[in-house]
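Trainee: Single-letter residue listing:
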Amino acid sequence: MEHPKRLAAAIRVGLLALGVGLVSAAGTALAQDSYRLYVANEFSADITVIDTASGEVIDTLSISGRPGEVRPRGMAVSPDGTIVYASVSDFNPVLETPEDKILAIDVRTNEVVREFRAGGNPERVAVSPDGTQVWAALEAIAQGAGYDAVTGEQLASFRVGVEAEGVAVSPDGKWVYITAEATHTVTVIDREALKVVTHVLVGNRPRVVEFSNDGSRAYVTAEIGGTVSVIDTSTHKVVNTINLGLDSRPVEIAVDPTSSLIYVAGGGTSAVYVIDTTTDQIVNTIKENMGRRPWGIAITPDGKTVFTANGLSDSVSVIDTACGCVVKNIPAGRGAHSAEIGVIPGGI
Amino acid sequence: MVSRLFRGTALALVAAFIATAFAQYGYQPFFDQPLIQSRAYGMELILVRLRAIDQFDAPLDDDLMELIELIGESDVNRFIGTVRAADPELAEELLDEIEELEEKAEEGRNHHGSVREVRELTERAYDLIIPSEIRKSPAFLAALIADLTLGEGGIAEGYEEAILDEEPFLFTGGWSSLQSVKELWSQLAVYATPAQAADVNEMLAQLDGIYFAPEPPEPLVGNPEEAEAPAQRMLGLIEPIADAEVFAGRDMQALAVSLVATQAQACRAYEAGNDEVGLEGVYAVGEMYARYLAGFLGFMAPDVHEEAAETIYALTGIQDEGAEDEDDEDEEDERPAVADPADACRELLEALEEAVEVLGG
Numbered sequence: 008m009e010h011p012k013r014l015a016a017a018i019r020v021g022l023l024a025l026g027v028g029l030v031s032a033a034g035t036a037l038a039q040d041s042y043r044l045y046v047a048n049e050f051s052a053d054i055t056v057i058d059t060a061s062g063e064v065i066d067t068l069s070i071s072g073r074p075g076e077v078r079p080r081g082m083a084v085s086p087d088g089t090i091v092y093a094s095v096s097d098f099n100p101v102l103e104t105p106e107d108k109i110l111a112i113d114v115r116t117n118e119v120v121r122e123f124r125a126g127g128n129p130e131r132v133a134v135s136p137d138g139t140q141v142w143a144a145l146e147a148i149a150q151g152a153g154y155d156a157v158t159g160e161q162l163a164s165f166r167v168g169v170e171a172e173g174v175a176v177s178p179d180g181k182w183v184y185i186t187a188e189a190t191h192t193v194t195v196i197d198r199e200a201l202k203v204v205t206h207v208l209v210g211n212r213p214r215v216v217e218f219s220n221d222g223s224r225a226y227v228t229a230e231i232g233g234t235v236s237v238i239d240t241s242t243h244k245v246v247n248t249i250n251l252g253l254d255s256r257p258v259e260i261a262v263d264p265t266s267s268l269i270y271v272a273g274g275g276t277s278a279v280y281v282i283d284t285t286t287d288q289i290v291n292t293i294k295e296n297m298g299r300r301p302w303g304i305a306i307t308p309d310g311k312t313v314f315t316a317n318g319l320s321d322s323v324s325v326i327d328t329a330c331g332c333v334v335k336n337i338p339a340g341r342g343a344h345s346a347e348i349g350v351i352p353g354g355i
Numbered sequence: 009m010v011s012r013l014f015r016g017t018a019l020a021l022v023a024a025f026i027a028t029a030f031a032q033y034g035y036q037p038f039f040d041q042p043l044i045q046s047r048a049y050g051m052e053l054i055l056v057r058l059r060a061i062d063q064f065d066a067p068l069d070d071d072l073m074e075l076i077e078l079i080g081e082s083d084v085n086r087f088i089g090t091v092r093a094a095d096p097e098l099a100e101e102l103l104d105e106i107e108e109l110e111e112k113a114e115e116g117r118n119h120h121g122s123v124r125e126v127r128e129l130t131e132r133a134y135d136l137i138i139p140s141e142i143r144k145s146p147a148f149l150a151a152l153i154a155d156l157t158l159g160e161g162g163i164a165e166g167y168e169e170a171i172l173d174e175e176p177f178l179f180t181g182g183w184s185s186l187q188s189v190k191e192l193w194s195q196l197a198v199y200a201t202p203a204q205a206a207d208v209n210e211m212l213a214q215l216d217g218i219y220f221a222p223e224p225p226e227p228l229v230g231n232p233e234e235a236e237a238p239a240q241r242m243l244g245l246i247e248p249i250a251d252a253e254v255f256a257g258r259d260m261q262a263l264a265v266s267l268v269a270t271q272a273q274a275c276r277a278y279e280a281g282n283d284e285v286g287l288e289g290v291y292a293v294g295e296m297y298a299r300y301l302a303g304f305l306g307f308m309a310p311d312v313h314e315e316a317a318e319t320i321y322a323l324t325g326i327q328d329e330g331a332e333d334e335d336d337e338d339e340e341d342e343r344p345a346v347a348d349p350a351d352a353c354r355e356l357l358e359a360l361e362e363a364v365e366v367l368g369g
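Just so you know, the sequences run in chain order A and B.
Position in the first sequence (first residue = 1) + 7 = the working numbering.
Position in the second sequence (first residue = 1) + 8 = the working numbering.
Hints are supplied without guarantee of correctness; some may be wrong.
[Stated by the list, open to error] Label pairs and their in silico Cβ distance ranges:
#1 B:D216 / A:R115: 40 to 46 Å
#2 B:E210 / A:R73: 54 to 60 Å
#3 A:S69 / B:Y199: 52 to 58 Å
#4 B:Q195 / A:A200: 27 to 33 Å
#5 B:A213 / A:Q288: 36 to 42 Å
#6 A:Q288 / B:Y199: 30 to 36 Å
#7 A:D137 / B:Q204: 46 to 52 Å
#8 B:P344 / A:Q288: 32 to 38 Å
#9 A:Q288 / B:E279: 47 to 53 Å
#10 B:D65 / A:L162: 24 to 30 Å
Derived by calculation from the structure, the hints in this document are not laboratory data.
Please read these numbers as outputs of a predicted model, since none were measured by experiment.
Just so you know, even glycine gets a beta-carbon here, dropped at the ideal spot from N, CA and C.
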């Protein structure tokens, strides 16, 4: 089943093609989607917004007046691309009013249109394919929790492995996968039955999980293991382990919606590993001109550009996927952690 | 029984095979020489604690007293059996001086002279039981850096525990661990390229910023995991420099198999009536178990974990993070007495063998 987020992208591409036809037919242009890159900066407690066409920073959204203690980290985007959700963790446990929360940012206005409490240090978030739920990995309390995307009501919570980190919802909406750093596991939650199905042992210190476009595979990075575990989602078993090297320290994954490639941010080697999922082989390693310690990574819906959030150089590297090379580096905030692409349908 | 203990030797060979089969680096010190690393770690811990308490004059705060108590209750047990076998007089002298230090500190007397004495004796023991060619080897140095970074009260954990447990002098312990790591790194740095050295130095500078002084700041608040990210990254950078794998838990099955072999060796020492040497082995096993296997087994196989963790705690006092958190919530558990250490050793061996099965062995 096509992931609605990607289905929407495909429809937009189709509409664009139709638009091109209309231009020639009627002499009027159908406006093109424009993309905005959101970079969560862990240490400066803000989110850098970059226009992907110009590479210019167009906004910086302040998240908290307590940088260092309150940190924006993982992000996810709604299926239509218009809302970016950001998880915000409060690391100062002595305060009575922690700022643990999830923010919903309107891509067109860059304003926070909703926020809801998600106690327990939400590290990363994911959105269900129908856009109605946001799921979070709650690091400090070893739980995965689902929230109503509009009201923020907590719908369910489950015990997962220790130091929950990454979370993803399968394209068919049936499964929620949640990684846990300290137990080296992925917990599988049946989203419809609202129950834990199993826990899967993956590589050492798993970080991020992402599903393939068709949902048949899930890919899990293991930071200390230096691997990507490939899980067959019909059996929830690891069927392959892709070795990136012990020094690679992989974190975020960007799944190309237009091809069989995935892009993996290698924080240890300051590289991006390009993996062809039809063979599970590394087909390219992009290192030249990369910023330092890429953790975050995102790809535009057209599959043409990849962005990395580089935590040690406080920057974003821009990769042209056609050449597989870094074409630009853009300054971001301190401790650039995660990256996500928002869409303005029809452009600005 | 004998067959179980010798099965440990066979498992050691299997562990070596598994570990090398997936090795990217040339050395795996925690697999190649687990007892040597553990003994050296015990001596490094003593040097860390001595540096920490030497920063303060008598009378010492209760938290600093706890650091001193750890020397006699735990650290010295990691190596004293081997020292006694090589030089019984030195072993006795060291134990006496540690006791003297404890007494002085408890009575609020000047402890700095005793600190010097214990340090000198510890360094003599170091020279005696760790061959100089091993002490200089990059893999050995890298493993010690990993121990002092990831171990209980080390750079990463010390900061976290100081904040979460509200025990500010654990900060001082973490600060002292960092000073030791910098000394070890100065020996290892000669093997690094300029770029590698710059990266490691950058992480050390970040850690220096966190541990900016021996005295804990007041109030000690902030992100408890602040030290973990640069500490972890530093270790990742050090691995290729030393050509050594220092995250022993990368392959948990191989580690469990290796721990069975070390534990079997410890049990043989107990069987032979050499309890001190047996206990050294249990410390080596307990440290790696708590650091790398407890999390997974506690989550996936709690019965197996409970058996292993309780026995390790009874024999050594080593606890994993989860057990410590439970103790923080409840009343602190009294460490149970061990009626027969040889029996306890075998129980732990059985639990570890079950752990191997859980991990797919």
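Trainee: Work down the list of hints and note, for each, if the structure agrees.
Mentor: These are the hints, each one checked on the structure:
no.: 1; hint: B:D216 / A:R115: 40 to 46 Å; result: 45 Å, holds
no.: 2; hint: B:E210 / A:R73: 54 to 60 Å; result: 25 Å, violated
no.: 3; hint: A:S69 / B:Y199: 52 to 58 Å; result: 44 Å, violated
no.: 4; hint: B:Q195 / A:A200: 27 to 33 Å; result: 57 Å, violated
no.: 5; hint: B:A213 / A:Q288: 36 to 42 Å; result: 38 Å, holds
no.: 6; hint: A:Q288 / B:Y199: 30 to 36 Å; result: 32 Å, holds
no.: 7; hint: A:D137 / B:Q204: 46 to 52 Å; result: 48 Å, holds
no.: 8; hint: B:P344 / A:Q288: 32 to 38 Å; result: 53 Å, violated
no.: 9; hint: A:Q288 / B:E279: 47 to 53 Å; result: 51 Å, holds
no.: 10; hint: B:D65 / A:L162: 24 to 30 Å; result: 58 Å, violated
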